[in-house]
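Chain residues, written in single-letter form:
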Amino acid sequence: MSQTDVATLEVHSATGLPSRKILMWAFIGSECMLFGSLIITYLVYRGKSIVGPYPEELLNIPFITVTTFVLLMSSLMMVLALSAVQRGDMKWGKVWLLMTAVFGMVFLGGQVYEFTHFVHEGLTLQTNLFGGSFFLLTGTHGAHVTVGVIWLLSLFFMGVRGRLTQASAETVEIAGLYWHFVDVVWIVLFTLIYLLS
Amino acid sequence: MAQSNEHVQHAHPSNGTYVLVAAVLGVLTAVEVAVFYLEAVRPVLVPLLLTLSAAKFTMVVGFFMHLRFDSKLYRALFVGPLVVAIAVMIAMLFINGVFRL
Chain Z
1 MSQTDVATLE VHSATGLPSR KILMWAFIGS ECMLFGSLII TYLVYRGKSI VGPYPEELLN
61 IPFITVTTFV LLMSSLMMVL ALSAVQRGDM KWGKVWLLMT AVFGMVFLGG QVYEFTHFVH
121 EGLTLQTNLF GGSFFLLTGT HGAHVTVGVI WLLSLFFMGV RGRLTQASAE TVEIAGLYWH
181 FVDVVWIVLF TLIYLLS
Chain R
1001 MAQSNEHVQH AHPSNGTYVL VAAVLGVLTA VEVAVFYLEA VRPVLVPLLL TLSAAKFTMV
1061 VGFFMHLRFD SKLYRALFVG PLVVAIAVMI AMLFINGVFR L
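So the sequences go chain by chain: Z and R.
If you're matching positions, the first sequence starts at 1 in my numbering and goes up one per residue.
If you're matching positions, the second sequence starts at 1001 in my numbering and goes up one per residue.
Hints may contain errors.
Claimed, not checked - Some chain R residues close to chain Z (C-beta under 7 Å, calculated; not the full set): (1) Phe1069; (2) Ser1071; (3) Leu1077; (4) Leu1082.
Unchecked claim - Under 8 Å between C-beta atoms, here's a sample of chain R residues computed to sit facing chain Z: (5) Val1031; (6) Gly1080; (7) Val1088; (8) Met1089.
Said to hold, decoys possible - Ranges between beta-carbon positions, derived for each pair: (9) Z/Lys91 - R/Val1019: 37 to 45 Å; (10) R/Val1024 - Z/Val119: 31 to 39 Å; (11) Z/Glu57 - R/Met1089: 25 to 33 Å; (12) R/Val1088 - Z/Lys91: 42 to 50 Å; (13) Z/Gly16 - R/Val1088: 27 to 35 Å.
Hint data in this document are derived by calculation from the structure and do not stem from the laboratory.
Since the structure is predicted, the reported quantities are computational estimates derived from the model, not experimental observations.
Every residue, glycine too, gets a C-beta built ideally from N, C-alpha and C.
Using the sequences provided together with the hints, build the complete structure.
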C-alpha cells in the first residue's frame, strides 16, 4: 500500500458510514466521560482550599478571554480548511490548516504563560485543592490541544509534500472533529473555571 | 468516492455560514464576559452563563462538527456518553453536598 493510499483510505462499516469517523465519534464520547470526571473533581473541590492562593486572586479574565477567542477562531479556520480540501483547493487547505495550528500554539503559549504566572504566585499542584484540580483539568486540556497541534502540522506537511488530496478530505474531517471537541471542552471550562470563579 | 465527496459538500454548510457562526460565537463570548462584570445580573449570573455556554457548545457541535447534518449514529455516539457524563456530574454534586434538595 503506497503512502497516497494510506492518506485516501476510506473503509465503510456495515452501516455504510466511514469506520474511522464512527471510531472518532466513539472516542469523543469517551472523552466526554474523561473531562466530565475532571470537571466534577474541580467543582466538588471548588471553594474548599484552606490555604491560598485562591482563584479570585489569580485568574485573569481579560487575558483568558483573548486566548479563548483565539481558540474559537481556530475552529473557524479548521472548517475552512476542511471546506477547501473537500473542493480540491489544496493551497487554501494548507493555509487554513497552518493557521489553525498557529492559533492553537498561541492558545498553548497563553496557557504556559498563565501556568508560569500561577507558579510564581505560589500555586502548584500540591499547594491546595484549587491548585491540584485546576492544573489537572486545564493541563489535561492543554495536552489535548498539543496533540491537536501536532496532528494539524502533520496534515500541513503532508499537504506540502503533495500527499494530501481532495480524496483524503475524510482524514482532515476526522482531525477537525478532534480539534472542535477540544474547542467545546474549553467553552465549558472557560465558563466553569473562570467566569463562575 | 466522488459521490461520497459530493454528498458531503451538499450536506455541510457554506463558508459564509461558518463565518456567521464564528461571529455569533465571538459575540456570545463577549456577552459572557460583559455579564460577568455587571452587578445587576448577579442574581441570575450562574443560569445565564450556563445558558450562553450551552448555546456556544451546541453551535460548535452542530455546525462545525456537522452533527446537525450528519448521520444520527454519530449523534447517538456523542450525545449518549455526554448525557451519562452530565448525569454523573449532577449526582456527584448532590452526593458531595454542593447541591442540596
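Which earlier hints can't be squared with this structure?
-> 1, 5 and 9
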